[in-house]
Amino acid sequence: MGYLGENNFFSFRDSCCEAVSEAAVSSKEASEFGRCIAGNFRRICVGCEAFRRLNIVYALCCGISEAGITVYLCDNTEMQSFRFSIPLLGCDCGIFVGGQGLTFSFFGSCGEVMNRDMLRKLLSSAPAPVSGKCGRIHTVTSFSCIYTSNIADSIPDHNSKLPAGVSCGSKAMRSLWLNFFNENDEELVFQVSDNGQKVNAYSLNYGYIPQDKLILAGAVMLTDKGSEIYLPENFHCCADEILTSFNRKAIPFSSASPAPRQALEQRYLHDMLYLCCQLASRRQLFFNIISQMPDFRSVRREIVFSVLDKLPEDTVIPDKNGRIIVSRSGRQRISLTAQAYSMETAAELCRIWTARLQPNS
2 MGYLGENNFF
12 SFRDSCCEAV
22 SEAAVSSKEA
32 SEFGRCIAGN
42 FRRICVGCEA
52 FRRLNIVYAL
62 CCGISEAGIT
72 VYLCDNTEMQ
82 SFRFSIPLLG
92 CDCGIFVGGQ
102 GLTFSFFGSC
112 GEVMNRDMLR
122 KLLSSAPAPV
132 SGKCGRIHTV
142 TSFSCIYTSN
152 IADSIPDHNS
162 KLPAGVSCGS
172 KAMRSLWLNF
182 FNENDEELVF
192 QVSDNGQKVN
202 AYSLNYGYIP
212 QDKLILAGAV
222 MLTDKGSEIY
232 LPENFHCCAD
242 EILTSFNRKA
252 IPFSSASPAP
262 RQALEQRYLH
272 DMLYLCCQLA
282 SRRQLFFNII
292 SQMPDFRSVR
302 REIVFSVLDK
312 LPEDTVIPDK
322 NGRIIVSRSG
332 RQRISLTAQA
342 YSMETAAELC
352 RIWTARLQPN
362 S
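Numbering (this note's numbering), first residue to last: 2 to 362.
No false leads were mixed into what you were given.
As a list, the in silico EDC-like pairs of lysine to aspartate or glutamate whose alpha-carbon atoms are at most 20 Å apart:
{"id": "1", "residue 1": "Lys321", "residue 2": "Glu242"}
{"id": "2", "residue 1": "Lys321", "residue 2": "Glu349"}
{"id": "3", "residue 1": "Lys250", "residue 2": "Asp213"}
{"id": "4", "residue 1": "Lys29", "residue 2": "Glu7"}
{"id": "5", "residue 1": "Lys250", "residue 2": "Asp225"}
{"id": "6", "residue 1": "Lys122", "residue 2": "Glu33"}
{"id": "7", "residue 1": "Lys199", "residue 2": "Asp213"}
{"id": "8", "residue 1": "Lys172", "residue 2": "Asp186"}
{"id": "9", "residue 1": "Lys162", "residue 2": "Glu184"}
{"id": "10", "residue 1": "Lys321", "residue 2": "Asp241"}
In case anyone wonders, no lab produced these hints; they're calculated from the structure.
Please model the complete structure; the sequences and the hints are all you need to start from.
Okay, here's the thing in structure tokens:
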């Protein structure tokens, strides 16, 4: 994630902000942060998982309300259902409170990851004045039922669970995914992050399948030949060539500004449960597409770096064997990602450029 900066209490990164010191953020700071956020939006929804951090969640909602903004509160949901609910509620901002540390994840009106320009604006925003008329706080229940019903309707002939296993450290997230997948299938297994936003797969026949390859398979499967596929500008450098081989066209877009409408309509790009259900429900087609794709990998490394003033955000370095992306990941850290057609080449590129960028090397 790209580092955007810090204020007295929070460190801002792509799509979220995290408490610099969890002990320093009390209900008072959370309420003030709510007023900072409220000055930038018309209607906001706030969620958390399994009633965690309710003191912070309630204080955040109170601050938003004091600024005169309506807020919807869902205090027991998971991130995927929460993101799906944002456009249903007509909100232009969604905030999910969770993470190992105290983290606020921000989403736009379509449930998309909040763009960097808006996060920078939140970083520098002053608290909105207390309104003479407080905004309403509406309590809503979990959207899991609506979300799972919507996905079930999108699966052709969905009468039984799909043949794929699920591995996930979060009990709530794994339970959500097991609405659609059986537990014991070993031929295809999805490895899901605790918040459901990152997914890799493992197949007995095709080995490790990274998320970028899952997304490209979904793009090919769910679109017609000749279609334009919108992808984040830092998506794997091999995507353009791969999509061209399937008679699709890759269109890059920047994560700094609001995503284009066409990208938001590509549900397979941001809803990993939806994507994996589509892939598993047409398993043979999915495997046929994967078999036609070359192997491609990414390797990421963190470097402590003290001189950052000359480093532009998301520096892209082309290489005949792939691509290197360098970005700030902390106050004195940079993240180096090497992309190539093989793990060995990506690892070698990462090693070479780490040595070149390492201070005093």
